[in-house]
Structures are given as C-alpha cells and as structure tokens.
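Engineer: Sequence:
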Amino acid sequence: MRNRVAAAAAIVLAIVLLRRQRSRTITAHRRDLAHVKFEVHLLEKQLELAGLEADASRARHERDLRQAAVDAAQELSSAPAAAAQPPAAPAARAPPPPVAPAPPPPRPPATPAAPAPPPATPRPPPATGPLTYLRDPASNAPRRRITVVVYNKIRGYLDWLRPDFVNDARTKCSTECVFTDRRTAHDGLLFHAKTHSARDFPRGKKSAKYLLVSLEQDKYAPLLRNPNYVSRFDYVMTYNLDSHLPMITVHPHWNASVYFAAQGVPWAQKKNAVAAFVSNCRNAGAEQRLKLLEELGKHYEVHSYGRCLHNRDEPPLKKGESRGEAKRRLLASYKFSLAFENAVVGDYVSEKVYDALLAGSLPLYRGAKRVDDLLPSPKSVVKFSDFQDDARKLAGHLEYLASNEQAYEEYFAWKRTGDMAAFDRVLDMTAYKYTALCRVCARLAQDLPV
5 MRNRVAAAAA
15 IVLAIVLLRR
25 QRSRTITAHR
35 RDLAHVKFEV
45 HLLEKQLELA
55 GLEADASRAR
65 HERDLRQAAV
75 DAAQELSSAP
85 AAAAQPPAAP
95 AARAPPPPVA
105 PAPPPPRPPA
115 TPAAPAPPPA
125 TPRPPPATGP
135 LTYLRDPASN
145 APRRRITVVV
155 YNKIRGYLDW
165 LRPDFVNDAR
175 TKCSTECVFT
185 DRRTAHDGLL
195 FHAKTHSARD
205 FPRGKKSAKY
215 LLVSLEQDKY
225 APLLRNPNYV
235 SRFDYVMTYN
245 LDSHLPMITV
255 HPHWNASVYF
265 AAQGVPWAQK
275 KNAVAAFVSN
285 CRNAGAEQRL
295 KLLEELGKHY
305 EVHSYGRCLH
315 NRDEPPLKKG
325 ESRGEAKRRL
335 LASYKFSLAF
345 ENAVVGDYVS
355 EKVYDALLAG
365 SLPLYRGAKR
375 VDDLLPSPKS
385 VVKFSDFQDD
395 ARKLAGHLEY
405 LASNEQAYEE
415 YFAWKRTGDM
425 AAFDRVLDMT
435 AYKYTALCRV
445 CARLAQDLPV
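Numbered as in the working numbering, the sequence shown ends at 454 without a single skipped number.
The hints are simulated quantities; they were obtained by calculation from the structure and are not laboratory data. Keep in mind that the hints are not guaranteed to be accurate.
[Claimed, not checked] Using 27 Å as the maximum straight-line C-alpha spacing, the simulated DSSO-like pairs for lysine-lysine come out as follows:
1) Lys210 / Lys295
2) Lys295 / Lys157
3) Lys373 / Lys323
[Claimed, not checked] Restraint ranges, calculated between C-beta atoms of paired labels, are given here:
4) Leu321 / Arg236: 29 to 35 Å
5) Arg166 / Arg316: 33 to 39 Å
6) Arg236 / Gly324: 18 to 24 Å
7) Lys331 / Pro141: 31 to 37 Å
8) Phe205 / Glu413: 34 to 40 Å
9) Ser389 / Asn144: 46 to 52 Å
Every residue gets a Cβ at the ideal spot worked out from N, C-alpha and C, and that includes glycine.
Full structure from sequences and hints, please.
Structural biologist: Structure representation (structure tokens):
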C-alpha cells in the first residue's frame with residue numbers, strides 16, 4: 005500500500021514538474037517570439053528607409069538634369085545671332101542684343117469657390133541650436149563620461165535601454181553617454197511620469213540631476229498635473245515646447261532630405277477628396293474629432309479607411325511592401341489628408357501630419373497651436389483653426405485648391421525654398437532615437453561641475 009502511495013505521489017510530482025517546465029518553455033517561446041517580431045519590425049523600417057533614400061537620390065538626379073537642360077536652353081537663346089558664321093570683315097562687330105524668350109501663355113484664372121485664408125505669420129524655429137550633442141567624427145578629443153540611471157522601466161518605442169540606443173549613445177554622442185538601470189554611481193536619475201509613483205522618490209547622489217520624462221497627455225500621466233511634485237525635478241522632458249528638453253513623436257527613420265526630395269503624384273492625377281485614417285473613435289477627446297470629420301463629409305468628399313466612419317477598404321499590400329509604405333502610397337494619391345489630433349493638448353503633434361508631408365498629400369491639421377515650430381514651413385499644412393473650426397468654410401477652401409493647381413502647389417513651395425537644416429533639427433527632437441539620450445547627457449554635462 006505504501007509503495008502504491010509513494011508511486012502515485014511520484015507520478016503527481018512528475019506531472020507538476022512537467023507542467024512547470026512546459027509553462028517556462030511557453031513563456032520563453034513567447035519572449036523569443038516578441039523579440040523576433042520586434043526585429044522584423046525594425047528590419048521593415050530599415051528597408052523602407054533604403055527605398056525612400058533611393059527615391060530621393062533619383063529625384064535629385066532628375067531635378068539636376070532638368071535644371072541643366074534649362075540652363076543650356078537659356079545659354080543658346082542668349083547667344084549672338086552672328087556667332088554661327090565667321091565674320092565677313094576683320095573688324096569686330098558688336099553682337100546683337102539677346103532675344104528674350106517669349107513669355108508663357110497666361111494661365112486662365114480659376115474661379116475660386118472660397119477665398120484663400122490670409123498667410124500665416126511665420127514663427128521662429130524651436131531653440132534647438134546646432135547638433136552639438138553629437139560626436140564630431142573628425143575629433144579625437146576625450147569625451148566626458150555622463151551616467152544616467154533609468155529608474156522606471158519604459159516600454160515600447162520609448163524604451164531608452166534598448167541595446168542599439170545604449171550602444172549608439174555611448175559611441176556617437178558628444179559625451180560618453182551611459183544609460184543604465186543599474187542603480188550605481190550616476191550623474192542623473194530619469195523617471196517615467198506614467199509608471200512612476202509619487203511615493204517613490206529616491207535620494208540620489210547629492211550633485212545628481214533628476215529628470216521627469218513623458219510623451220503622454222496628463223490624462224494618462226497624473227503626476228504631470230501636480231505642479232508641486234513636478235517642481236522637485238531639475239528637468240522635464242515632454243512634448244511641450246516650453247519644457248527643458250522638448251520631444252516629438254515623429255518616426256526616427258527619415259531625415260529632412262527625404263521629405264524635401266520626395267516627389268508626389270502630379271496634381272492632375274490626385275483624387276479630389278480627403279483621405280482619413282481614424283480608428284480611435286472615443287478615447288482621449290476623439291469624439292470631437294469624429295464630429296468634425298462627419299461634418300466635413302457633408303460638404304466635401306471624405307474617404308475614410310479607419311474604423312471610424314469607415315467607407316473605404318485599403319487596397320491589398322504589394323509584394324514586399326510594409327503597411328507603412330502602403331499607407332503612404334495611398335495618401336499620395338489624394339490631394340488632401342486628414343491630420344486631426346485625438347485632442348488639442350499643448351504642443352502635442354503626432355505622426356499623422358508627417359506621414360502626409362512625406363507622401364506629398366496636403367495635410368488638413370487640427371491640434372497644437374504652435375505646430376508651425378515643428379513643420380518645414382508655416383505654409384505646409386491647411387489649419388482648421390484658420391477657418392474658425394468651421395467645416396463648411398474649410399470645404400470651400402478645399403474646393404478652391406482642388407480647382408487651382410497654382411494655389412495648391414504653393415503649399416509645397418518649401419521643398420524648393422525651405423530651410424532643410426532647421427527641419428533636420430526639428431526631426432532630431434524625436435524621442436524614438438538615440439539622439440534623445442545624447443541631448444540628456446549634453447544638458448547634464450553643461451550644467452554639472454566637472
């Protein structure tokens with residue numbers, strides 16, 4: 005009897021051990037699968053970047069060829085008429101004046117459906133300054149070591165402890181910028197407002213600086229609504245342009261040259277409609293955006309591909325195409341794209357407006373009042389606020405632009421005359437790149453005694 009009981013107990017124990025081992029194996033497999041998915045996502049973005057850079061290079065080459073042809077034609081048209089034959093007498097004759105090219109035929113004026121809004125008052129670019137937080141490859145000067153302890157785990161794209169971020173920050177910043185979660189010697193302590201508890205305020209090194217970081221609205225990070233608590237930090241990093249180190253949420257894989265060189269679909273081939281991708285129908289103030297979109301649809305055609313007010317299905321992906329590439333390809337076929345933020349909160353600007361700019365579709369923007377500071381040009385978007393948030397007035401302006409190519413193309417003049425370096429400084433404020441770590445370390449090196 006005892007032997008049977010012992011045997012049964014052994015079997016039960018074996019089953020328990022097998023189940024535990026199976027659970028651990030499944031957990032490990034899930035973790036490995038998540039890692040593989042992240043690596044695949046990163047590879048897709050790198051492939052997108054390679055394709056966009058190739059398109060940009062090809063566009064620059066074609067533009068140079070066209071300019072060379074124009075220059076050659078101007079030289080020929082201004083050459084002396086007698087230059088084609090040798091002179092009849094040894095005495096030099098003055099060449100006839102160059103023949104001015106005939107002016108192009110005037111474009112027939114289009115009858116506008118609504119007057120264009122007054123030009124926007126330009127705002128100064130954000131005070132980001134030159135990229136002094138990046139290492140000069142030509143310099144062998146010793147770099148100061150700055151160590152920042154990430155006190156709270158930050159997940160997702162804002163995970164500044166990703167190995168590639170940590171390695172790039174250590175080697176490519178103007179300082180030897182070390183980010184770690186090991187709570188050892190440090191120059192700065194970094195806290196994530198969304199996951200940090202107000203009760204947990206550690207006592208760090210006496211000279212260390214405290215940083216509070218958040219890309220969330222204060223609705224999702226309640227600590228930001230407590231000014232007394234926020235005042236305990238030396239630096240605050242948020243989407244607010246008045247914060248010590250402002251950040252934006254633009255995707256990190258493209259620089260300004262890609263935006264400036266991107267060639268969109270010709271005006272005549274674009275659909276006279278607004279493309280909308282809206283899938284957040286209720287949260288974070290999205291209901292107001294949905295009402296405005298519905299009202300706009302009563303006065304101008306809107307093709308909605310998201311879950312909200314859905315009336316169009318996205319075309320299937322092409323072979324080897326990522327969803328991001330497919331979305332930009334679809335946006336490029338429209339004259340206008342909706343870029344309304346979920347909610348009008350401070351200086352928060354999402355990726356929507358940048359996706360439209362990259363695709364060559366004119367963004368219809370509603371959101372941050374200081375969005376001009378984060379654009380390649382104040383006149384690169386149509387602002388809903390310029391029409392007193394009146395959907396009927398906005399629709400009238402869209403009708404005007406849809407029938408007047410010259411007026412429409414004025415919104416893309418920044419591709420020829422804009423300040424590419426200034427826009428590069430804006431894009432480098434992204435939170436989703438190792439340069440965010442460089443900016444933190446450079447500020448600490450500036451303010452801390454040697």
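Engineer: Evaluate the given range 31 to 37 Å for the C-beta pair formed by Lys331 and Pro141.
Structural biologist: holds (35 Å)
Engineer: Quickly compare the C-alpha distance for Lys373 and Lys323 to 27 Å and report which way the hint goes.
Structural biologist: Roughly 40 Å separates the two Cα atoms, so the pair is violated.
Engineer: If I claimed the Cβ atoms of Leu321 and Arg236 lie 29 to 35 Å apart, would that claim hold in this structure?
Structural biologist: violated (49 Å)
Engineer: Given a hint of 33 to 39 Å, does the C-beta separation of Arg166 and Arg316 actually sit inside it?
Structural biologist: holds (36 Å)
Engineer: Using the Cβ atoms, figure out if Arg236 sits within 18 to 24 Å of Gly324.
Structural biologist: Check failed, 51 Å falls outside 18 to 24 Å.
Engineer: For the range 46 to 52 Å, tell me whether the beta carbons of Ser389 and Asn144 fit it or not.
Structural biologist: holds (51 Å)
Engineer: For Lys295 and Lys157, compute the direct alpha-carbon distance and say whether it is at most 27 Å.
Structural biologist: violated (37 Å)
Engineer: For Phe205 and Glu413, compare the CB-CB distance with the range 34 to 40 Å and indicate the outcome.
Structural biologist: For Phe205 and Glu413 the Cβ distance comes to about 55 Å; the hint is violated.
Engineer: Just to be careful, I want the Cα atoms of Lys210 and Lys295 compared with a cutoff of 27 Å; is the pair within it?
Structural biologist: This hinted pair is violated, its Cα atoms lying about 52 Å apart.
The earlier numbered hints that this structure contradicts are 1, 2, 3, 4, 6, 8.
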